[in-house]
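Spelled out, the chains give:
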Amino acid sequence: MKKRLSEMDYGEEGVVKEIDENLRSRLAGMGIRVGVKVRMATKQPINGPVVVTIDRYSISLGLGIADKIIVEVEG
Amino acid sequence: MGNPNVGKSAVFNRLTGAKVIESNYPGTTVDYTKGYMRLEGKEIEIIDVPGTFSLEPKDKAEEVAVKILRENKDSVIICVVDSTKLERGLYLAIEIIEEGYPVVIALNMWDIAKDKNIWIDVEKLENILGVPVVPTIAVSGEGIKELISKIKETSPVDIKKILERAGGKK
Chain P
70 MKKRLSEMDY
80 GEEGVVKEID
90 ENLRSRLAGM
100 GIRVGVKVRM
110 ATKQPINGPV
120 VVTIDRYSIS
130 LGLGIADKII
140 VEVEG
Chain D
545 MGNPNVGKSA
555 VFNRLTGAKV
565 IESNYPGTTV
575 DYTKGYMRLE
585 GKEIEIIDVP
595 GTFSLEPKDK
605 AEEVAVKILR
615 ENKDSVIICV
625 VDSTKLERGL
635 YLAIEIIEEG
645 YPVVIALNMW
655 DIAKDKNIWI
665 DVEKLENILG
675 VPVVPTIAVS
685 GEGIKELISK
695 IKETSPVDIK
705 KILERAGGKK
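Going down the list, the protein sequences come from chains P and D. Everything in the first sequence is counted per our numbering, starting at 70 for the first residue and increasing by one. Everything in the second sequence is counted per our numbering, starting at 545 for the first residue and increasing by one.
Chain P with its partners taken away, still in its complex shape (with noise of 0.2 Å):
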């Protein structure tokens, strides 16, 4: 099932299917490329930003930008 990294599930995991083309190159940089998998490691609320893990590191991006990548998750 495809959803946005934003809707995420605390804990989920998904795989990077699509980035938005204005924030690709910016979130390369970061690690987050079409192909890598994430998982949610904690929400932050009021429209906060979320903070996902990948490999062994996590990252947290604003809500905005985690709204503009979608992952695939499984079920």
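Each hint can be trusted.
Some, not all, of what chain P presents toward chain D, calculated at C-beta under 10 Å:
| # | residue |
| --- | --- |
| 1 | R95 |
| 2 | G98 |
| 3 | G100 |
Treat the hints as calculated values from the structure; they're not laboratory data. Since this is a predicted model, take the numbers as computed values, not measurements. Glycine included, every Cβ here is placed at the ideal spot set by N, Cα and C.
Since chain P is already given, all that's left is putting chain D on it; use the hints.
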């Protein structure tokens, strides 16, 4: 240069004996700092810049880093990489190599990587990239001497050669 919160200022302080503020938060350095060190009897200038993820700046601090890089075309770039976040560190390092700068890579926080059971084949990385790669622990000073000795040894590398050696497709 390097990603935010990888220990660039810690390395800078080790190299120059300066006391730039370090903290365990990303974004501690928002402006650049100049310092000097002696290398084979000559005084050389070292610039500590804010962290950036890529050479396409997205905020003021990153802009400063990229601007300083572009203004110092004949510099040797010390790329500080967090050994526990190798991929994104190498992304920036390779961008800098691609622009034709001679680069030395410091695999910083080597001790933390070890604690996390992360093992990096330094020799293989050196062979693929064609630039010196030195494990360092900037807070204790380990590896800094070797890092200094490599500054003179590096030269620009053709990015196509790296691709060939890495076996990647263009």
